[in-house]
Amino acid sequence: MKKVIIGLVIVMAIAAAWFAYTRYSSAQASQAEAVQYETAPIERGELVSTINALGKVRSGQSAELNWETSGTVEEVLAAIGQQVKTGDVLARLEQTSLPESVITAQADLTDAKLELEDLQLNADTSRIKSMQDIVTYEQAVRDAQYALDNFTVPTSQENMSAVEGVKTTKSALEAARQAFEPYKFDPADNDTRRTLLERLNAAQSEYNAAIKRLKYEYDLTVAEANLEKALHDFEKYQSGPSPADIEAVEARIAAAQATINQAMITAPFDGTVTDAIPQVGDQVTASKKAFRLDDLTSLYVDLEVSEIDINQVKPGQPVSITIDAIPGHEYQGEVQRVAMISSTEGDSVNFTVTVQLIDPDEQVLPGMTSEVEIVVAQKENVLLVPNQSVRLENGVQVVYKLNPAAGPAPLPVEVTLGSSSETHSELLTGELQEGDLLVLNPSEVTSSDSPRMFFRGAPGGGGNRTEP
Numbered sequence: 001m002k003k004v005i006i007g008l009v010i011v012m013a014i015a016a017a018w019f020a021y022t023r024y025s026s027a028q029a030s031q032a033e034a035v036q037y038e039t040a041p042i043e044r045g046e047l048v049s050t051i052n053a054l055g056k057v058r059s060g061q062s063a064e065l066n067w068e069t070s071g072t073v074e075e076v077l078a079a080i081g082q083q084v085k086t087g088d089v090l091a092r093l094e095q096t097s098l099p100e101s102v103i104t105a106q107a108d109l110t111d112a113k114l115e116l117e118d119l120q121l122n123a124d125t126s127r128i129k130s131m132q133d134i135v136t137y138e139q140a141v142r143d144a145q146y147a148l149d150n151f152t153v154p155t156s157q158e159n160m161s162a163v164e165g166v167k168t169t170k171s172a173l174e175a176a177r178q179a180f181e182p183y184k185f186d187p188a189d190n191d192t193r194r195t196l197l198e199r200l201n202a203a204q205s206e207y208n209a210a211i212k213r214l215k216y217e218y219d220l221t222v223a224e225a226n227l228e229k230a231l232h233d234f235e236k237y238q239s240g241p242s243p244a245d246i247e248a249v250e251a252r253i254a255a256a257q258a259t260i261n262q263a264m265i266t267a268p269f270d271g272t273v274t275d276a277i278p279q280v281g282d283q284v285t286a287s288k289k290a291f292r293l294d295d296l297t298s299l300y301v302d303l304e305v306s307e308i309d310i311n312q313v314k315p316g317q318p319v320s321i322t323i324d325a326i327p328g329h330e331y332q333g334e335v336q337r338v339a340m341i342s343s344t345e346g347d348s349v350n351f352t353v354t355v356q357l358i359d360p361d362e363q364v365l366p367g368m369t370s371e372v373e374i375v376v377a378q379k380e381n382v383l384l385v386p387n388q389s390v391r392l393e394n395g396v397q398v399v400y401k402l403n404p405a406a407g408p409a410p411l412p413v414e415v416t417l418g419s420s421s422e423t424h425s426e427l428l429t430g431e432l433q434e435g436d437l438l439v440l441n442p443s444e445v446t447s448s449d450s451p452r453m454f455f456r457g458a459p460g461g462g463g464n465r466t467e468p
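The sequence shown: position 96 = 96 (this note's numbering), numbered continuously.
Don't read these hints as lab results, they were simulated from the structure. Given the structure is predicted, the values throughout are model-derived calculations rather than measurements. Incorrect hints may appear among the rest.
Stated by the list, open to error - Straight-line distance between alpha carbons at most 30 Å, and here's what the computed DSS-like set of lysine-lysine pairs gives:
| # | residue 1 | residue 2 |
| --- | --- | --- |
| 1 | K170 | K184 |
| 2 | K184 | K129 |
| 3 | K314 | K288 |
| 4 | K212 | K229 |
| 5 | K314 | K212 |
| 6 | K170 | K215 |
| 7 | K215 | K56 |
| 8 | K167 | K129 |
| 9 | K85 | K288 |
| 10 | K184 | K167 |
| 11 | K56 | K289 |
| 12 | K229 | K215 |
| 13 | K56 | K288 |
| 14 | K167 | K215 |
| 15 | K289 | K85 |
Stated by the list, open to error - Label-pair distances were calculated between CB atoms; the ranges are:
| # | residue 1 | residue 2 | range |
| --- | --- | --- | --- |
| 16 | P41 | T416 | 50 to 60 Å |
| 17 | K85 | Q279 | 16 to 26 Å |
| 18 | P243 | S161 | 25 to 35 Å |
| 19 | R44 | K85 | 38 to 48 Å |
| 20 | E334 | Q257 | 33 to 43 Å |
| 21 | E393 | T354 | 18 to 28 Å |
| 22 | L411 | S343 | 19 to 29 Å |
| 23 | T297 | E393 | 51 to 61 Å |
| 24 | E235 | F151 | 28 to 38 Å |
| 25 | E198 | V222 | 49 to 59 Å |
| 26 | T344 | T322 | 27 to 37 Å |
| 27 | E422 | M340 | 40 to 50 Å |
Just so you know, even glycine gets a beta-carbon here, dropped at the ideal spot from N, CA and C.
Assemble the whole structure, with the sequences as input and the hints as a guide.
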C-alpha cells in the first residue's frame, strides 16, 4: 500500500511540472507574438560621415576705418556697397577746420621735398664739376710730369732728394755770399773778388736748379692729389646724394605726409564699403568710426569643433554650408585651416576650424549665421547598420537580428562598427549579411536585467549616444 501511495505522488508531481511548463511556454509564445518589432534591413551602399558646427560668415580681410584727427567733413566719396581700390580717398575734412599741427605739416612737406630736390641737384652739379676737374687735373699731371722729366738735375744733387738739394744749395749759397761780401766793393778786376763772384753765381745757379726741381715735384704731387680727389668726388656723386642724407629727408617727408593724411580716410586694400557713417558737415574727432571695409571676394566661416572630433578634420575636406538668412540654398566650401591650439570655454575644449566658401553670391554677407557640415569620411560599397538598432550591453555593441525561421525571439549579435553618419554605421565585424532584418526597438526585446545603453552613431564622426 505504501508503494502505491509513493507512485501516486510521483505521478502527480510529474503532471504538475508538465502543466506548469506548458503554461509557461504558452505564455512566452503569447508574449513574443504580442510584441510588435520595428525592423530595418542591413543594406550595402555609400556612407558619408560628417561633423556639424555653427559659425558666422566673415570676410577674408576686414577693417574699421576711424578718423585720426578732428575737423569738419568736407567730402564723402564712398557709399555702402561701393567697391574701392587701395589708396582711394573715401572722405576728406575741410582744411580750415584742421588742427594747427596738420596745417603746419603741409609747409613741412613742401620744405622737405624742396630739400630732397636740392640734394639731387647738388649731387648732379657736383658730379658735373668733378668730371670737369678730372679733365683739368689729368692735364696738370701730364704737364708736371713732362716738366719734371725734362729737367736736368745738377750732378751735385743727383743723390739727393729735392728737399735735401734745396737745403744743401741754400747753405752753399749763404756761404758764398758771406765770402763775397767783404770784396763786394773792390775793383772788378780784383782776382779774389772775381773768383768769389764766380763761386757766388755758381752757388746761385745750383740753388735755383734745386728750387725748380722742388717746384716741379710739388706741382706733380699737387696735380696728382687734385686728380685723386676729383675721381673720388665723381664716384661719390655718380650715384646721387648720400643715402644718409636722403634717408633723413625722406623720413621728414613721410612724417609730414602721415600728418596730412589724417585729414582724409583712404582705403587700405581693395574691397567693398560695408558701412559708411560720415556726412558732409559732420564734426568729427580722432578715433571716431567712419567706414568699414571688407574684401568680399573671399568669405570664410570660423567653427568651433570639439576635441573629440578635431582629429578627423583635415584641410581640403569638402563642406556644405546653409545660411539662416538664405533658406533653401546650400553653398559649397572647403576646410582651409585647423587650429593647433585649443580654446576652452567652461568645461568644453574646442579647436577653431576655418572654412572658405567656394561659390558665394551677393546674398552672402559678413556676420550671417551659418550651419556647416564637414565631410570627414566617405566610403563606397559598405554594409550599413541602422544606428537605431545598436545598443551597448556590458560595454559591447550588440544588435538584434530577427529570424522567423529560428523562432519569434530576435537573436543578439555582437558587432564592431566603423565610421558613421547620423542614420547608419559601417559594419566591420559581426555574423550579419546584407538583407538581415535588425530590430529598431531593441528595448522591447526580453532579456536579462543587465544595464543597457542605446546607440546612435559611432564615436565622433557626427554620431552620438543617448542613455535610456
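Results of checking the hints against the structure:
no. : hint                     : in the structure
1   : K170 to K184             : holds (20 Å)
2   : K184 to K129             : violated (56 Å)
3   : K314 to K288             : violated (41 Å)
4   : K212 to K229             : holds (26 Å)
5   : K314 to K212             : violated (93 Å)
6   : K170 to K215             : holds (15 Å)
7   : K215 to K56              : violated (91 Å)
8   : K167 to K129             : violated (39 Å)
9   : K85 to K288              : holds (22 Å)
10  : K184 to K167             : holds (25 Å)
11  : K56 to K289              : holds (23 Å)
12  : K229 to K215             : holds (21 Å)
13  : K56 to K288              : holds (26 Å)
14  : K167 to K215             : holds (14 Å)
15  : K289 to K85              : holds (20 Å)
16  : P41 to T416: 50 to 60 Å  : violated (19 Å)
17  : K85 to Q279: 16 to 26 Å  : holds (23 Å)
18  : P243 to S161: 25 to 35 Å : violated (44 Å)
19  : R44 to K85: 38 to 48 Å   : violated (57 Å)
20  : E334 to Q257: 33 to 43 Å : holds (42 Å)
21  : E393 to T354: 18 to 28 Å : violated (41 Å)
22  : L411 to S343: 19 to 29 Å : violated (47 Å)
23  : T297 to E393: 51 to 61 Å : holds (55 Å)
24  : E235 to F151: 28 to 38 Å : holds (33 Å)
25  : E198 to V222: 49 to 59 Å : violated (36 Å)
26  : T344 to T322: 27 to 37 Å : holds (28 Å)
27  : E422 to M340: 40 to 50 Å : violated (29 Å)
Comparing the model with each earlier hint shows violations of hints 2, 3, 5, 7, 8, 16, 18, 19, 21, 22, 25 and 27; every other hint is respected.
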